[in-house]
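Colleague: Protein chains in written order, with our numbering: chain A, 1 to 240; chain B, 1 to 424.
Calculated from the structure, these hints are not laboratory results.
Any given hint might turn out to be false.
Below, in silico cross-link-like pairs of lysine to any residue (SDA-like), each with a Cα-Cα straight-line distance of 20 Å or less [said to hold, decoys possible]:
hint: 1; chain 1: B; residue 1: LYS414; chain 2: A; residue 2: ASP85
hint: 2; chain 1: B; residue 1: LYS341; chain 2: A; residue 2: LEU122
hint: 3; chain 1: B; residue 1: LYS21; chain 2: A; residue 2: LEU122
hint: 4; chain 1: B; residue 1: LYS21; chain 2: A; residue 2: ILE106
hint: 5; chain 1: B; residue 1: LYS414; chain 2: A; residue 2: ASP86
What follows is a list of derived Cβ distance ranges for each label pair [stated by the list, open to error]:
hint: 6; chain 1: B; residue 1: ILE14; chain 2: A; residue 2: LYS30; range: 47 to 55 Å
hint: 7; chain 1: A; residue 1: ALA126; chain 2: B; residue 2: VAL312; range: 23 to 31 Å
hint: 8; chain 1: B; residue 1: ILE14; chain 2: A; residue 2: ARG134; range: 21 to 29 Å
hint: 9; chain 1: B; residue 1: ILE300; chain 2: A; residue 2: ASP125; range: 43 to 51 Å
hint: 10; chain 1: A; residue 1: GLU135; chain 2: B; residue 2: THR326; range: 34 to 42 Å
hint: 11; chain 1: B; residue 1: THR326; chain 2: A; residue 2: GLY155; range: 45 to 53 Å
hint: 12; chain 1: A; residue 1: GLY34; chain 2: B; residue 2: VAL312; range: 34 to 42 Å
hint: 13; chain 1: A; residue 1: GLY202; chain 2: B; residue 2: VAL312; range: 52 to 60 Å
hint: 14; chain 1: A; residue 1: GLY155; chain 2: B; residue 2: THR386; range: 55 to 63 Å
hint: 15; chain 1: B; residue 1: GLU327; chain 2: A; residue 2: GLU135; range: 46 to 54 Å
hint: 16; chain 1: B; residue 1: GLU327; chain 2: A; residue 2: GLU189; range: 49 to 57 Å
So the derived list for chain B, only partly shown, Cβ under 10 Å to chain A, looks like this [to be verified]:
hint: 17; residue: LEU29
hint: 18; residue: ARG328
hint: 19; residue: ARG330
The beta-carbon is built from N, C-alpha and C at its ideal position, and this holds for glycine as well.
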Amino acid sequence: MAEQAPSNDQEIIRLEDARKIYQMGTEQVKALAGVTVSFKKGGFSAIMGPSGSGKSTMMNILGCLDRLTSGSYYLAGQDVSRLDDDSLSEFRLRYLGFIFQSFNLIPQLTVQRNIELPLYYLGWDARDSENKARELADQVGLGDRLGHRPTELSGGQMQRVAIARALANDPQVIFADEPTGNLDSATGEQILELLVKLNELGKTIIIVTHEPIIAERTQSRLHMLDGLIDRIEGNSNETN
Amino acid sequence: MRQTRIARNIWLGIENLLLHKLRSFLTMLGVVFGVGSVVAMLSVGEGASKEALEQIRKLGSNNIIISSMKSAEEEAASTQHSHRAMSIYGLTYEDYRRVASSFKDIQRAAPVKLTRKDSRLRERALELRIVGTTPEWSELVPRDIVAGRVLLQADLDKQAPVTVLTEFGARKILATESTIGQTVRLGGDQFEVVGIVKSESGQAGNIQIPDQDVDAYIPIEVARRYFGDIFTKRTSSGDEREKVELHQMIVQVDDPKKVEAVAAGIERMLEQFHKKKDYVVSVPLALLKQAEAMKRRFNIVLGSIAGISLLVGGIGIMNIMLASVTERTREIGIRRAIGAKRRQIVYQFLIETVVLSTMGGLIGLGVGGLIPLLITYFSGMITMMTLKGILVPLLISMTIGILFGLYPAVHAAKVDPIVALRHE
Numbered sequence: 001m002a003e004q005a006p007s008n009d010q011e012i013i014r015l016e017d018a019r020k021i022y023q024m025g026t027e028q029v030k031a032l033a034g035v036t037v038s039f040k041k042g043g044f045s046a047i048m049g050p051s052g053s054g055k056s057t058m059m060n061i062l063g064c065l066d067r068l069t070s071g072s073y074y075l076a077g078q079d080v081s082r083l084d085d086d087s088l089s090e091f092r093l094r095y096l097g098f099i100f101q102s103f104n105l106i107p108q109l110t111v112q113r114n115i116e117l118p119l120y121y122l123g124w125d126a127r128d129s130e131n132k133a134r135e136l137a138d139q140v141g142l143g144d145r146l147g148h149r150p151t152e153l154s155g156g157q158m159q160r161v162a163i164a165r166a167l168a169n170d171p172q173v174i175f176a177d178e179p180t181g182n183l184d185s186a187t188g189e190q191i192l193e194l195l196v197k198l199n200e201l202g203k204t205i206i207i208v209t210h211e212p213i214i215a216e217r218t219q220s221r222l223h224m225l226d227g228l229i230d231r232i233e234g235n236s237n238e239t240n
Numbered sequence: 001m002r003q004t005r006i007a008r009n010i011w012l013g014i015e016n017l018l019l020h021k022l023r024s025f026l027t028m029l030g031v032v033f034g035v036g037s038v039v040a041m042l043s044v045g046e047g048a049s050k051e052a053l054e055q056i057r058k059l060g061s062n063n064i065i066i067s068s069m070k071s072a073e074e075e076a077a078s079t080q081h082s083h084r085a086m087s088i089y090g091l092t093y094e095d096y097r098r099v100a101s102s103f104k105d106i107q108r109a110a111p112v113k114l115t116r117k118d119s120r121l122r123e124r125a126l127e128l129r130i131v132g133t134t135p136e137w138s139e140l141v142p143r144d145i146v147a148g149r150v151l152l153q154a155d156l157d158k159q160a161p162v163t164v165l166t167e168f169g170a171r172k173i174l175a176t177e178s179t180i181g182q183t184v185r186l187g188g189d190q191f192e193v194v195g196i197v198k199s200e201s202g203q204a205g206n207i208q209i210p211d212q213d214v215d216a217y218i219p220i221e222v223a224r225r226y227f228g229d230i231f232t233k234r235t236s237s238g239d240e241r242e243k244v245e246l247h248q249m250i251v252q253v254d255d256p257k258k259v260e261a262v263a264a265g266i267e268r269m270l271e272q273f274h275k276k277k278d279y280v281v282s283v284p285l286a287l288l289k290q291a292e293a294m295k296r297r298f299n300i301v302l303g304s305i306a307g308i309s310l311l312v313g314g315i316g317i318m319n320i321m322l323a324s325v326t327e328r329t330r331e332i333g334i335r336r337a338i339g340a341k342r343r344q345i346v347y348q349f350l351i352e353t354v355v356l357s358t359m360g361g362l363i364g365l366g367v368g369g370l371i372p373l374l375i376t377y378f379s380g381m382i383t384m385m386t387l388k389g390i391l392v393p394l395l396i397s398m399t400i401g402i403l404f405g406l407y408p409a410v411h412a413a414k415v416d417p418i419v420a421l422r423h424e
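Isolated chain A, as found in the complex (with noise of 0.2 Å):
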């Protein structure tokens, strides 16, 4: 289904010449304007930039959430830029992760039934869930909040409920947006320790951040202009 990429297995994503092209009325906005970058198996970047260069379509693209207007993306070898909606489902379903800004737990279900969410569509079974969601629930730290609602929840638990979720289906690359953007700086440095830790144990994280004190931590840094990476810091990324 999917052509091998032309490149060393030491990468897991890799943009050719990336356009995404959104038509506003009669003016064209130019959201990628043709990006080559590949990052790492086992890295841990950022991407920043001030809002409007592109880095939310790069996140969107990167997270098959929306496909290219023309141009090639690799994931975990694989070219998901033709893929048809189903299909990019099923690669979030079983190679992505994601952690957003505002958390986007389902408010309704509670901390295991959240955490179990990308299990239910995996068809796994209630009872093996349960016993990955406990065992998720401990790695976070919320082991005692199984049974309690997003709503009675802090900031920092319920981030820790969205890293747990995203951590449930053992994805390939997790991808956090402003993880840190709506919680205190104190709280936001035990998650941001949290995802330094996930990628520790080999997990592949990008972040989306516009916080210079968080982009620190990373390995490396892909600065976003006008559609177009300005510059990269650090070892992670490379580009042609």
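Model the placement of chain B on the given structure of chain A, informed by the hints.
Modeller: Using the frame of chain A, we list chain B on its own:
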């Protein structure tokens, strides 16, 4: 595995609906009343057809009942002039012989001669309807024998002054006296009670059921000899005298398919020998068909009303589900981002709608089951719940869930996850 998954999905749907109990309940109401009215309609319809069948059975489904009736002109004449003229009308002994012997499809026939007389046993008295007839009566109008026997051919041959009473009459007159063999006075003559039978009474359509609670059956020859053919009726304008030989003939046809043809034949035959139409031929089977046609019309009317309320209920559900989809846009976005496919979102919302409408259907079944009970209690109309009457409305309510849930569900699946995740 597959079954537990479906059960789990249904349970998730129920959980979601329980989060908004009042809203879910109000949403359901339309379906509740729709299904309720379908259930009520079906049970009233079933009851009506059962009642009709029951009445036809009492009349005898293969029977033709020919009754004497004062012709229209005669009726008008007797009310205008209140002179003491005697009107002569109705069926004759000759008619009976002709009808009974001319049609090969007639299995048996019984003549009926009626008169009302006071009956007495010591100080107890009761006005009875004296039915002069033949042993065929008990086969044409089969009723359980409580004690003794029915009329026999021997009674007719001997012209014996014997009578068979109904259970009702026997209780009133004989009371605690030993029953069989007791002598009672009917009018001015003594009769020996040889049997007691049960009785039915009432009306089926516009035909009087042949027997009544106050009947006393005696051999027809005895009735003719003791009471004659001339009857005096007391009316407000003075006594009215009538000469009627036979009040009724009951005829049984061997095949239900031939009943109507034979009835028409009898009608034509009587036409030839009667100048005026002083008789009525009624066919219980025709009544049954009429009842069925009535029931169909009734069902169509009620069915359309129930259909409209179901439609309204369905639209109500669709409306709320659409609102719910908008409200839960963010949830849909989250699910899609995690990896739910479009059809899984469709499935989720469809299950919720079907659960909602089916629960409405179940409650409607309860409400609808109650209505026929109330109808029966207040109007005495027979109602009946059948398995069909339960399954059909339930199936309808599930279908409504699918039909009206599909659009909101598809609408939900079209939500763009990127937009949805930004939705506040």
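Colleague: Now tell me, hint by hint, if it's right for this structure.
Modeller: Status of each hint after checking the structure:
no.: 1; hint: B:LYS414 to A:ASP85; verdict: holds (11 Å)
no.: 2; hint: B:LYS341 to A:LEU122; verdict: holds (11 Å)
no.: 3; hint: B:LYS21 to A:LEU122; verdict: violated (30 Å)
no.: 4; hint: B:LYS21 to A:ILE106; verdict: holds (19 Å)
no.: 5; hint: B:LYS414 to A:ASP86; verdict: holds (12 Å)
no.: 6; hint: B:ILE14 to A:LYS30: 47 to 55 Å; verdict: holds (48 Å)
no.: 7; hint: A:ALA126 to B:VAL312: 23 to 31 Å; verdict: violated (38 Å)
no.: 8; hint: B:ILE14 to A:ARG134: 21 to 29 Å; verdict: holds (24 Å)
no.: 9; hint: B:ILE300 to A:ASP125: 43 to 51 Å; verdict: holds (50 Å)
no.: 10; hint: A:GLU135 to B:THR326: 34 to 42 Å; verdict: holds (36 Å)
no.: 11; hint: B:THR326 to A:GLY155: 45 to 53 Å; verdict: violated (26 Å)
no.: 12; hint: A:GLY34 to B:VAL312: 34 to 42 Å; verdict: violated (56 Å)
no.: 13; hint: A:GLY202 to B:VAL312: 52 to 60 Å; verdict: holds (58 Å)
no.: 14; hint: A:GLY155 to B:THR386: 55 to 63 Å; verdict: holds (59 Å)
no.: 15; hint: B:GLU327 to A:GLU135: 46 to 54 Å; verdict: violated (33 Å)
no.: 16; hint: B:GLU327 to A:GLU189: 49 to 57 Å; verdict: violated (35 Å)
no.: 17; hint: LEU29; verdict: violated (23 Å)
no.: 18; hint: ARG328; verdict: holds (9 Å)
no.: 19; hint: ARG330; verdict: holds (7 Å)
Checked against the numbered hints listed earlier, the structure breaks hints 3, 7, 11, 12, 15, 16, 17; every other hint is satisfied.
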